[in-house]
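Chains as they are written, first to last, in full-length UniProt numbering: chain A, 1 to 190; chain B, 1 to 190.
The set of hints was computed from the structure by calculation and includes no laboratory data. Among these hints, one or two may not hold up.
As the list claims (entries may be wrong) - Selected chain A positions facing chain B (in silico; Cβ < 7 Å):
id, residue
1, L26
2, M28
3, L29
4, V33
5, G43
6, Q84
7, S94
8, V100
Backbone N, C-alpha and C fix where the C-beta goes; we use that ideal spot for every residue, glycine too.
There are 2 protein chains.
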Amino acid sequence: MRVLGVDPGLTRCGVGVVEGVAGRPLTMLGVGVVRTPADAELGHRLVAIERGIEEWLDEHRPEFVAVERVFSQHNVRTVMGTAQASAVAMLCASRRGIPVALHTPSEVKAAVTGSGRADKAQVGAMVTRLLRLDAPPKPADAADALALAICHIWRAPAVNRLQQAHAAAAAARTPRVPRTPAVPVRKVPR
Amino acid sequence: MRVLGVDPGLTRCGVGVVEGVAGRPLTMLGVGVVRTPADAELGHRLVAIERGIEEWLDEHRPEFVAVERVFSQHNVRTVMGTAQASAVAMLCASRRGIPVALHTPSEVKAAVTGSGRADKAQVGAMVTRLLRLDAPPKPADAADALALAICHIWRAPAVNRLQQAHAAAAAARTPRVPRTPAVPVRKVPR
Chain A
1 MRVLGVDPGL TRCGVGVVEG VAGRPLTMLG VGVVRTPADA ELGHRLVAIE
51 RGIEEWLDEH RPEFVAVERV FSQHNVRTVM GTAQASAVAM LCASRRGIPV
101 ALHTPSEVKA AVTGSGRADK AQVGAMVTRL LRLDAPPKPA DAADALALAI
151 CHIWRAPAVN RLQQAHAAAA AARTPRVPRT PAVPVRKVPR
Chain B
1 MRVLGVDPGL TRCGVGVVEG VAGRPLTMLG VGVVRTPADA ELGHRLVAIE
51 RGIEEWLDEH RPEFVAVERV FSQHNVRTVM GTAQASAVAM LCASRRGIPV
101 ALHTPSEVKA AVTGSGRADK AQVGAMVTRL LRLDAPPKPA DAADALALAI
151 CHIWRAPAVN RLQQAHAAAA AARTPRVPRT PAVPVRKVPR
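Same shape as in the complex, but just chain A:
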């Protein structure tokens, strides 16, 4: 399984590609950061992020893209930019038919360190160990992107079972009733 992890951001968008399966040693295929200048217009920054992500998809042909799920409890301005950068990453992947998975920061931390409240240094140290690197990848956004990819590889079996269960449940609901019926639906007593 080859996964591109994306830690979205307008100024620094971390990207990292990891290959492997759960329970076996993992391999890093690439890591980096897509940067855009803070003084550029927002539209141009989004175009630059799109170009950067496309290059990573072209070069590594991942089977999955794992993106950090954005929450808005943090700094308001940063979060809007993060949401917009993540939209571009998801768009690039979905346009190619590559499945996108979202993982929360605490899911990622828990996956690689065992604790959902681990700090940046701990995540960097575990990424270094798990991928057998000489030093933690810099900046932290790059390490976080690798952690996302690792998290996806390890969580994928469980997530896939869940999706299969959902799909089976949805298929069992027959016939499918439209959400807003044109004619009022009356309950008929059995």
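With the hints as your guide, set chain B onto chain A.
Frame of chain A; chain B shown alone:
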């Protein structure tokens, strides 16, 4: 001046094209809504919005795209989706080299009704009057997109003067020093 207004949203993304100049009667060239199903995957919804916006750009060839500036003081979940839909609209425009302008909801309301705190009905009524329509465009997202386009046409002269002043001020700052010089820059006394 031909402007595509975009009221961003994942479920309903309002789009409206208005042509005209400040101080003359305006003409509506088109109005509509790009919809995506709420139960679809986020990445697929963003692809559908991209496709919708591209169709509007292809058909109307606007010179400007005016997008509602997203704030996060509202409902948290809605805002993230709005930010992501707006990112797609800005990306589509910037990729074609079309300038993107952001206007806040209160700027738009003030432009078309005279009050930054006008309600939806008031905005709809003024859009109907200004574009000489038979009835207010439905849903409200479509009317809001037209209001954005009108706002841009009316504010553009002022905004352009401001941008020219900024550009002139930036050009006056010579020589331009890189943000992170490789060699420390020393201040030389005159």
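Here is how each hint holds up against the structure:
1. L26: With Cβ-Cβ at 24 Å, over 7 Å, it is violated.
2. M28: Cβ of M28/A sits 24 Å from chain B, so the hint is violated.
3. L29: violated, 22 Å
4. V33: violated, 15 Å
5. G43: Nearest chain B Cβ about 3 Å off; hint holds.
6. Q84: holds, 4 Å
7. S94: Constraint on S94/A satisfied, holds at 3 Å.
8. V100: Hint holds; V100/A Cβ to chain B Cβ min 4 Å, cut 7 Å.
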